[in-house]
Structures are given as C-alpha cells and as structure tokens.
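A.B. asks: The lines below spell out each chain.
Number of protein chains: 2
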Amino acid sequence: MGKPLEGVKILDLTRVLAGPFSTMLLKELGAEIIKVEMPGKGDDSRGFGPFKNNKSVYFLSINHGKKSISVNMKSEQGKEIILDLVEKCDVVMENFSPGTMERLGLGYDILKKRNPSIIYASTSGFGHTGPFAKRPSYDILAQAMGGVMSITGWPDCPPTRVGMSLGDINAALYTTIGVLGALYRKKITGEGDRVDISMLDCQLSILENALIRYQVDGVSPEPIGNRHPTITPFQAFKAKDRYFVVGVGNEDVWHRFCISLNRDEWTKDPRFEKNMKRTQNLKELTALLDEIFIEKNASEWVSLFESHNVPCSLINKVEDLFNHEQIKSRNMLVNVTDSDIGEVTIAGNALKLDSIPEEKIKKPAPEIGEHNYEILERFLGYTKEQIDSLKENGVL
Amino acid sequence: MGKPLEGVKILDLTRVLAGPFSTMLLKELGAEIIKVEMPGKGDDSRGFGPFKNNKSVYFLSINHGKKSISVNMKSEQGKEIILDLVEKCDVVMENFSPGTMERLGLGYDILKKRNPSIIYASTSGFGHTGPFAKRPSYDILAQAMGGVMSITGWPDCPPTRVGMSLGDINAALYTTIGVLGALYRKKITGEGDRVDISMLDCQLSILENALIRYQVDGVSPEPIGNRHPTITPFQAFKAKDRYFVVGVGNEDVWHRFCISLNRDEWTKDPRFEKNMKRTQNLKELTALLDEIFIEKNASEWVSLFESHNVPCSLINKVEDLFNHEQIKSRNMLVNVTDSDIGEVTIAGNALKLDSIPEEKIKKPAPEIGEHNYEILERFLGYTKEQIDSLKENGVL
Numbered sequence: 001m002g003k004p005l006e007g008v009k010i011l012d013l014t015r016v017l018a019g020p021f022s023t024m025l026l027k028e029l030g031a032e033i034i035k036v037e038m039p040g041k042g043d044d045s046r047g048f049g050p051f052k053n054n055k056s057v058y059f060l061s062i063n064h065g066k067k068s069i070s071v072n073m074k075s076e077q078g079k080e081i082i083l084d085l086v087e088k089c090d091v092v093m094e095n096f097s098p099g100t101m102e103r104l105g106l107g108y109d110i111l112k113k114r115n116p117s118i119i120y121a122s123t124s125g126f127g128h129t130g131p132f133a134k135r136p137s138y139d140i141l142a143q144a145m146g147g148v149m150s151i152t153g154w155p156d157c158p159p160t161r162v163g164m165s166l167g168d169i170n171a172a173l174y175t176t177i178g179v180l181g182a183l184y185r186k187k188i189t190g191e192g193d194r195v196d197i198s199m200l201d202c203q204l205s206i207l208e209n210a211l212i213r214y215q216v217d218g219v220s221p222e223p224i225g226n227r228h229p230t231i232t233p234f235q236a237f238k239a240k241d242r243y244f245v246v247g248v249g250n251e252d253v254w255h256r257f258c259i260s261l262n263r264d265e266w267t268k269d270p271r272f273e274k275n276m277k278r279t280q281n282l283k284e285l286t287a288l289l290d291e292i293f294i295e296k297n298a299s300e301w302v303s304l305f306e307s308h309n310v311p312c313s314l315i316n317k318v319e320d321l322f323n324h325e326q327i328k329s330r331n332m333l334v335n336v337t338d339s340d341i342g343e344v345t346i347a348g349n350a351l352k353l354d355s356i357p358e359e360k361i362k363k364p365a366p367e368i369g370e371h372n373y374e375i376l377e378r379f380l381g382y383t384k385e386q387i388d389s390l391k392e393n394g395v396l
Numbered sequence: 397m398g399k400p401l402e403g404v405k406i407l408d409l410t411r412v413l414a415g416p417f418s419t420m421l422l423k424e425l426g427a428e429i430i431k432v433e434m435p436g437k438g439d440d441s442r443g444f445g446p447f448k449n450n451k452s453v454y455f456l457s458i459n460h461g462k463k464s465i466s467v468n469m470k471s472e473q474g475k476e477i478i479l480d481l482v483e484k485c486d487v488v489m490e491n492f493s494p495g496t497m498e499r500l501g502l503g504y505d506i507l508k509k510r511n512p513s514i515i516y517a518s519t520s521g522f523g524h525t526g527p528f529a530k531r532p533s534y535d536i537l538a539q540a541m542g543g544v545m546s547i548t549g550w551p552d553c554p555p556t557r558v559g560m561s562l563g564d565i566n567a568a569l570y571t572t573i574g575v576l577g578a579l580y581r582k583k584i585t586g587e588g589d590r591v592d593i594s595m596l597d598c599q600l601s602i603l604e605n606a607l608i609r610y611q612v613d614g615v616s617p618e619p620i621g622n623r624h625p626t627i628t629p630f631q632a633f634k635a636k637d638r639y640f641v642v643g644v645g646n647e648d649v650w651h652r653f654c655i656s657l658n659r660d661e662w663t664k665d666p667r668f669e670k671n672m673k674r675t676q677n678l679k680e681l682t683a684l685l686d687e688i689f690i691e692k693n694a695s696e697w698v699s700l701f702e703s704h705n706v707p708c709s710l711i712n713k714v715e716d717l718f719n720h721e722q723i724k725s726r727n728m729l730v731n732v733t734d735s736d737i738g739e740v741t742i743a744g745n746a747l748k749l750d751s752i753p754e755e756k757i758k759k760p761a762p763e764i765g766e767h768n769y770e771i772l773e774r775f776l777g778y779t780k781e782q783i784d785s786l787k788e789n790g791v792l
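One line per chain: the protein sequences are A and B, in this order.
In terms of the numbering used here, the first sequence is residues 1 to 396.
In terms of the numbering used here, the second sequence is residues 397 to 792.
Each hint should be verified, as a subset may be incorrect.
Unchecked claim - For lysine-lysine, the following BS3-like pairs were computed, each having C-alpha atoms within a straight-line distance of at most 30 angstroms:
(1) A:Lys134 - B:Lys470
(2) A:Lys41 - B:Lys484
(3) B:Lys448 - A:Lys3
(4) B:Lys509 - A:Lys363
(5) B:Lys583 - A:Lys9
(6) B:Lys634 - A:Lys112
(7) A:Lys134 - B:Lys484
(8) A:Lys187 - B:Lys405
(9) B:Lys509 - A:Lys274
(10) A:Lys134 - B:Lys780
(11) A:Lys277 - B:Lys679
(12) B:Lys484 - A:Lys187
(13) A:Lys67 - B:Lys692
(14) B:Lys448 - B:Lys484
(15) A:Lys134 - B:Lys724
(16) A:Lys360 - B:Lys634
(17) A:Lys3 - B:Lys399
(18) A:Lys317 - B:Lys664
(19) B:Lys470 - A:Lys3
(20) B:Lys508 - A:Lys328
(21) A:Lys274 - B:Lys405
(22) A:Lys134 - B:Lys583
(23) A:Lys52 - B:Lys664
(24) B:Lys664 - A:Lys268
(25) A:Lys277 - B:Lys437
(26) B:Lys780 - A:Lys112
(27) A:Lys187 - B:Lys634
(28) B:Lys530 - A:Lys360
For the record, the hints were derived by calculation from the structure and aren't laboratory data.
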C-alpha cells in the first residue's frame, strides 16, 4: 500500500475555498476526490482571478488532481445520482450555507439512511448549530468576528486583514483533521460520523494567547505591529536598506544575541536580563537596537546572527520565494500544465510523509464534468448511452 | 467506542507551541498524550506570559488534559525509559531543532528498530532536509521568510506580523493532519511512517492566491490593508462610530447589497456590474460607499445587511468574544481550574464530531512529572521504589 488514504473515496460537494482546500489536502494524502459541480456553471471560484487566457488560475491552484462530475442536484435524477454515489463513498463533504443540503433533500439523516457508515463533513461560517447557523459568511467575516483583525496591524491604522484567507484556510485544516479522525474511527468501529466545522470556532481556537491576556490584563489586546506580545526581542527591525526579523525565543538565544552584537553586558543588565524584563522595557531596548541596526544592511545582520545561531530572516516578498534554496530543496514549488492556461507554478505538498512520494509535476484541475463517464461507469455501472441521455436532459 | 483516537498513545517530546498545539488537538480527538519534560525545568513555555499567581496561563491553555512525565533524556537511564515507552506507543512527536534527537541517541532509525510500526512526527522551522534544516527558527521567521508578512498590513506601514503565531499554529495543524494520515495507514498496513513538517513549507502552502498573482501580474503582491485582492467589495468600512466588514462574494450578493442600499442602478452600471469590474474600479466604488456608510453607526449597517442576507460583521475585540451568543452556543469558551492559577477561560474544541462529547470544563495542564508514577507503572511495570530511586538520581 502506498499513500495513507489510498482507496478512500470522497464525494466533494464543496465550492470556493474552505472545502476545496480541505479536499486538496485529502487528495495529497491519497484519497480520490469526486468533485460535484453544477452543469454549465461549476464552482464559483472558476470565476475568481487571477486569470490567464480567460481561465482561473485560482481555481486550478486549489483543485488540481481532483475529478469533476457535473450533476444538477436540484433535479430528481441528479439527486438520485448523488444518493447512489453516497452509498459508494466513505466521506461526503460540503460547505453550503447550513440548511441547503436539507432543502435539496440531501440532509445528513437522508444520506445516513442510504449509507449508515458515511462520514458527513460540513464546513460553514458559524457551524450547523446556534443562532448564527444559517447566516452567510466569508473569510473576511470570520477574521472580523473571530478577533484576529483586532490584534493584527498597527495602533494608528484601520483594522487589518491577514493577507491570506486565514478564515477559510484555517477551517479547511480543521475540517481535514476532523475527517481524518472520523476515518480512523470508522476503520475500527465501522461507524460513520458527522463533522461540523465552523470558521468562527476555528478562528477562536487559534487566537493563541489573546484570550488569556485579556483575562489577566483586563483589557483587549490591541494590534502591535510586528512584535510578539510577550517575547522580546521578537520582531522586525529596520536595517540600512530593508527590514529583517529576529526571534529571541529563550535566554540562551538572548545570550548569543548579545554576544554577536558585542553587548555582553546586557545579559546582566537588570532591564534586559530576563524575557519578562525585556518585554517590560521594550521601548528602551528597541531604541538601543534601532541605533545599532541602521548602520548595516539587513543581509549583513542576518549573516552575523546566523553565525551565532540566533534565529533571524529577511522579510521575503513573494518573488523571493521562487528562488529560495530551502523551498526548492523541499520541492515546495511544483508545476502544472493546463491545456488553456499553459504552465504555472503552485505550492507543493507540505504533508511530507515517507509514504507519500514527492511529485515534481501536478495534474491540472478538471473541467466541469470531465470525469462524468469514468465515475458514473465505474461507481454506478452507467452506460455511455445513459450518461449521454442524462446530459441531454440537463441532469449532468 | 467513543472518541476517534481512543486507545492511541502519543509520546510527546514537543515544547513551546507548534508541537504542543498539535498534541492538544490529538488529545481532543481522544488520544492519550504523554508529555516528556526535563526534570526541574520543564517545557520552555512554562516561562512564557501571561502569568497569574506566578504560573503561566499560556502553558495551561495549550497543555490542558495532557499527562507529564519528567525524564532527563541526556542520561542513559532516561534514554532507556524513552526507548521503552516508544515500544508501547503508536506515535512519537518532537519539535527539536533537527539533529537533536540523533545527538540524544533517539533518532528515527533507532526508534524504528525498537518499534518498527512507530509513527515518528517532527515539526521544525525548515524541515529535516535541505540546506536550512539545522537552522533555528521561530514563528516570526516563518512569517517573514514564508511571505505572509509581505502581504499583510498597509502600504505605508512597516512590515506587519499576523497577530497570532500563524507560523507555529499552521504547522501544528499540518502536523496533526500528517499524524492522522499515518495513523490511518498504520491501522490498515501495520506499518509506521515518518512525518516531517516544516513551518516554512506550511507557510508557503497557505499563501492562497499570492503565488499565482505574482506569476500573472509579474510583480509581488503588496500589503493592501483589509480588502481582498480579487473580490470587491470585500473589506472593512468606517461607519459613524466604528468599523465593520462586508463580504460580497458573488453576483447574487452584489444584487442584494445594492438593493439594501437603494442603489439598484449599480447592478447595471458598467463600472460595477461584475466582480472583475468592481475590483478594477475599487477606488471609485469605495469612495461612493464611504460617503454612505459614514452616515450611520456600524450596528445599523450590520442590521440592514443581515436583513438582506448580505454577509457582514462588526470587527470584534477580544472582549466582545466573551459575550458572543454564537460562540457561547457552540461551547467555544470553556473553563479550567488550576490549583494555583484559579479559574480561567480558554478556547473550546473546534473539532465538532458526533463522536466527541462536548466538555464544559477542561482538565488543567499537568505539573512537571505529575504522572511519573501512573505512566511508568502502567506502561513499563516500574515499582514505586524504582521510580523514587530514579528521581533521587536525577533521571526523573
């Protein structure tokens, strides 16, 4: 046996980002992903930029290597096809607004009757329970409602969004964890499970020390730019030419940091000798360091600190990532060739397991319904004529 | 059988954040976590604030419900205890700098000889391969090197750190996914696996559309404040009293948005009728909306949009989360009572599975070595006298 999820079949009704990102990870683990799309229209994110040759590169970057079937789930025959596929699959995943699956006649209770050991995983803005359950949501809402926007950015700037879709992607990761937990349990017990992941729940879960800081300090944490709230120095500094970061995560690193700057005396300075003191005297310490760092270029400071084993880095722009020797060495940028788009580079697979061979080249994303024949024949025994007729009738 | 990972035993050598956050999630899924700490010293994060009654609430918030044994892994006897425990466990997890386990005589090859079906999971700054493998890292380095700092914040501000430890927590989620994949595979094949998660790899994986925008546009994406790069309007607006966000994620929402503002004509306005046009004419649209929104308070706009099913939210501060009806309803804030700290509130479990019962109260984090007797007796058959003697000799 090869990859971890070899043989696992996932009926993927998800669209846009949170759901598809999760099924992308499950695909990397070896599962077969059968993406269900509305005939003609497809996943909303096929309409999201950036585009190349009028085709969404965004969609490609999240749906590579999946299979697509086009099914009009609002038609009776389409619904029957979904129910028949549920019988043949291990997992059904969806990220519709809560209530949609029930309205389609495809709620968990109905699916469970057709396949008692089905794992049913939902990803939604607020979860399937509680007063907000049926409200629409998006990444920006999760970031705003869940508190991360209130602690990101600068005191004198407007609220700041995390520059990637943290609300969606974080929920995608939690969904993946939930599905994998349920799959493990199913392998032992034969039982299905229901996974109900909420973007808001997941945002709350990753606030790290913000919840407890509020309880200890009695005031809400505020945005503090690029430093760490309780570890110092652990922030960006301006060198002569550009910014760099340094992370002094424990007292041993602090000693090495001081030695590398010829400031050994700071290790015994009552203002700076321990992390708690350094955090209390942040302004004083930062002012002293600013004076030092402005004298040389960032790469010089990074080299100096590297030679003393002090964690540090330049602040990379996206273009810098494409020539980064560690990123290359880890095969974290891979190519995909799409017949319309041409060749593009996307993120590689960060799930490095001995059981998952590295791929230098990924398969493209499917066209809408590209795998209608393959899936409906293999899973349900449909003939070519049956499939053609369903297509003519607008079911596929 | 109850929770998904009931009966799974994890030997947890991790410290600080990325590793312990992952084992916290595995604990929520039902695994037994045996945290190994250096006698007397313990996990570094026991020294991280915020503190209450001189004890780290930070440590508690990430290590609740785990078991702790104190083992000096640098001693021969301590090393033997670890190897004996490896034989009894399903998974070993560590987030030392690569090379440390080998130096301790506890490298993967040695552990695998003692337990061929062991799953060995590492979380590190750069992974265990490649030219950067042995460099030290921290969250701020992952954020800086992996590109997210370069796309978060405002054009005229210094580089901005995401306000929570995204580098660590993201890697923790990927680690959890890797371990779960390996556990599933082990259940089928009986084989162990090696999981090698890099904070930098994981950062690259969640950049979402930044990598492809660079390839299509030819320039690195820059920080853009609180809007979405390709979806409009999808951003924060200033109302009379405070900021709120609105997310117009597709054309149906755009129609409802226009109707709710009595601007039906915008749905046919060539500048705004489609998302791509709205994104091109962002400044013009934002200026028009700013004029409208400044007239009323944020809560009035949120009410109006809610009644038209347009996704929107106030931007919550941390204090707002404690009284949020959806958060309460989903049991996402739970209490822990520690004998020194007293009662504190921490994030609940976002992994909502039917097979995981909700807990209103969580167990506290362990003291260093609190479970020495329980674990060493139950797993290895040690007597109280043996354990006491090991303690006297500084092994425990």
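A.B. asks: Regarding the pair Lys508 (chain B) and Lys328 (chain A), is the alpha-carbon distance no greater than 30 angstroms?
C.D. replies: Between Lys508 (chain B) and Lys328 (chain A) the Cα gap is close to 29 angstroms, so the pair holds against 30 angstroms.
A.B. asks: Has the given pair, Lys187 (chain A) with Lys634 (chain B), been kept, meaning a C-alpha gap of at most 30 angstroms?
C.D. replies: Not OK: Lys187 (chain A) and Lys634 (chain B) at ~51 angstroms, beyond 30 angstroms, violated.
A.B. asks: Are the Cα positions of Lys470 (chain B) and Lys3 (chain A) separated by 30 angstroms at most?
C.D. replies: Violated - the C-alpha atoms of Lys3 (chain A) and Lys470 (chain B) are around 36 angstroms apart, more than 30 angstroms.
A.B. asks: Between Lys52 (chain A) and Lys664 (chain B), does the CA-CA distance stay at or below 30 angstroms?
C.D. replies: With a Cα-Cα distance of about 26 angstroms, the restraint between Lys52 (chain A) and Lys664 (chain B) holds, given a limit of 30 angstroms.
A.B. asks: Has the given pair, Lys317 (chain A) with Lys664 (chain B), been kept, meaning a C-alpha gap of at most 30 angstroms?
C.D. replies: With a Cα-Cα distance of about 38 angstroms, the restraint between Lys317 (chain A) and Lys664 (chain B) is violated, given a limit of 30 angstroms.
A.B. asks: So if I understand the rule, the pair passes when the alpha-carbon distance is 30 angstroms or less; does Lys448 (chain B) with Lys3 (chain A) pass?
C.D. replies: violated (46 angstroms)
A.B. asks: Given the hinted pair Lys277 (chain A) and Lys437 (chain B), is their alpha-carbon gap at most 30 angstroms?
C.D. replies: Roughly 20 angstroms separates the two Cα atoms, so the pair holds.
A.B. asks: Keeping to a limit of 30 angstroms between CA atoms, is the pair of Lys634 (chain B) and Lys112 (chain A) held or broken?
C.D. replies: Violated, because 46 angstroms separates the two Cα atoms, which is more than 30 angstroms.
A.B. asks: Does the structure keep Lys277 (chain A) and Lys679 (chain B) at a Cα separation of 30 angstroms or less?
C.D. replies: violated (45 angstroms)
A.B. asks: Quickly compare the C-alpha distance for Lys583 (chain B) and Lys9 (chain A) to 30 angstroms and report which way the hint goes.
C.D. replies: Holds, at roughly 17 angstroms.
A.B. asks: Given the proposed pairing of Lys509 (chain B) with Lys274 (chain A), does the C-alpha separation stay at or below 30 angstroms?
C.D. replies: violated (42 angstroms)
A.B. asks: Please verify whether Lys274 (chain A) and Lys405 (chain B) have alpha carbons no more than 30 angstroms apart.
C.D. replies: Judged against 30 angstroms, a Cα distance of about 36 angstroms means the pair is violated.
Checked against the numbered hints listed earlier, the structure breaks hints 1, 2, 3, 4, 6, 7, 9, 10, 11, 13, 14, 16, 18, 19, 21, 22, 24, 26 and 27; every other hint is satisfied.
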